[in-house]
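> One-letter residues, chain by chain:
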Amino acid sequence: MSTFLVEPPPHQERMHFMDALEDAGIDYAREPEGYFVYLRDGQQAVLEQICRKFHAEIVEENPAVIVDF
Amino acid sequence: MVETSISVIGYEFGGPVKGEHGEDVLLHTTRGEISTLLYQAPNSESAVLWAGSWRVEGQGQRSSPIARAVAQDLVRDGIASLLLRYRQNAQLGACIQDTQAGVSFLEGLGFKRIVLVGHSFSGAVVISVAPLSRAIVAVVALASQTIGANSVAHIHPRPLLLVHGTNDQRLNCYCSEQIYSWARRPKELVILEGASHGLWERKDDLLPLLHHWLTDKLDANSLNPGESTNLDS
Chain A
1 MSTFLVEPPP HQERMHFMDA LEDAGIDYAR EPEGYFVYLR DGQQAVLEQI CRKFHAEIVE
61 ENPAVIVDF
Chain B
1001 MVETSISVIG YEFGGPVKGE HGEDVLLHTT RGEISTLLYQ APNSESAVLW AGSWRVEGQG
1061 QRSSPIARAV AQDLVRDGIA SLLLRYRQNA QLGACIQDTQ AGVSFLEGLG FKRIVLVGHS
1121 FSGAVVISVA PLSRAIVAVV ALASQTIGAN SVAHIHPRPL LLVHGTNDQR LNCYCSEQIY
1181 SWARRPKELV ILEGASHGLW ERKDDLLPLL HHWLTDKLDA NSLNPGESTN LDS
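Residue numbers (this note's numbering), protein chains in the order written: chain A, 1 to 69; chain B, 1001 to 1233.
Treat the hints as calculated values from the structure; they're not laboratory data.
We put the CB at the ideal spot given by N, CA and C, even for glycine.
Keep in mind that the hints are not guaranteed to be accurate.
[To be verified] Heads up, incomplete: computed chain B residues facing chain A, CB under 7 angstroms, no partners named:
| id | residue |
| --- | --- |
| 1 | Thr1166 |
| 2 | Tyr1174 |
| 3 | Glu1177 |
| 4 | Gln1178 |
| 5 | Ser1181 |
| 6 | Leu1189 |
| 7 | Ile1191 |
[To be verified] Estimated spans, in silico, between C-beta atoms of each pair:
| id | chain 1 | residue 1 | chain 2 | residue 2 | range |
| --- | --- | --- | --- | --- | --- |
| 8 | B | Trp1200 | A | Ala45 | 39 to 45 angstroms |
| 9 | B | Gly1060 | A | Ala29 | 43 to 49 angstroms |
| 10 | B | Glu1193 | A | Ala24 | 26 to 32 angstroms |
| 11 | A | Asp19 | B | Glu1201 | 23 to 29 angstroms |
| 12 | A | Ala24 | B | Gly1014 | 53 to 59 angstroms |
| 13 | B | Ala1090 | A | Arg52 | 40 to 46 angstroms |
Build the full structure now, drawing on both the sequences and the hints.
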């Protein structure tokens, strides 16, 4: 399982971007830094396709996640 | 055990309010008095409850410009509105109770279909209240905060509309994106370019959006979510 940090697409595409992730069964979390996308095997190509379609950019693979207690 | 319930035990109509189109209604509850402004629509069974949109301003009270504008238009479509002032601002638990009391009051008047609208802090309030009554058929959260909104999945199957401005300096529009990510469908997210926290810069888009969305969800021909779907699912 890999985690990717995706920079948000343009404002008007964000709802459709999240809908596409959900339709593809891809787990994600919207955080201030961007979208943390959690991929299972075989989902990376789908993520890349969604990012291209909605002009979102994958900026980091397996980003450090700071847990604030 | 902490008592969390609230009941409406009576109400008084206070007549028209200067500068407003609605009339003053004071709700007597088991938790104290709640001031509201009611926009009546004769023979209507549909209403919008605007949580926190009736406020103290100077020596008097004033409705929020968004609520006032949309409520006036909705009356022409046969939809009533209740603007509600909290007993204590920014106390999430108390504001949830106050909004529940507003819903109970509307149900007592015979309204069968209610949409909740909340702006900023009140976005979290209406999201929290929505699952508590079958009469609530949809929810609108404008420039909502996330604190208190993480139960948003529980409003399913009611439709949810989230609206946020890109120039919001108080709550970044990622807040509504995050709430959207937590919510179940049906859900919509509208991001208004250039709008601040008050959203008023984009009123020419916002007001028609709210008017159309609310009238659509309060369409008397639609079923209540509770009639068509198991609300506990």
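> None of the hints should be skipped; say for each whether it holds.
Do the hints match the structure? See the list:
no.	hint	in the structure
1	Thr1166	holds (6 angstroms)
2	Tyr1174	holds (6 angstroms)
3	Glu1177	holds (5 angstroms)
4	Gln1178	holds (4 angstroms)
5	Ser1181	holds (5 angstroms)
6	Leu1189	holds (4 angstroms)
7	Ile1191	holds (4 angstroms)
8	Trp1200(B) to Ala45(A): 39 to 45 angstroms	holds (44 angstroms)
9	Gly1060(B) to Ala29(A): 43 to 49 angstroms	holds (44 angstroms)
10	Glu1193(B) to Ala24(A): 26 to 32 angstroms	holds (27 angstroms)
11	Asp19(A) to Glu1201(B): 23 to 29 angstroms	holds (27 angstroms)
12	Ala24(A) to Gly1014(B): 53 to 59 angstroms	holds (55 angstroms)
13	Ala1090(B) to Arg52(A): 40 to 46 angstroms	holds (43 angstroms)
Checked against the numbered hints listed earlier, the structure breaks none of them; every hint is satisfied.
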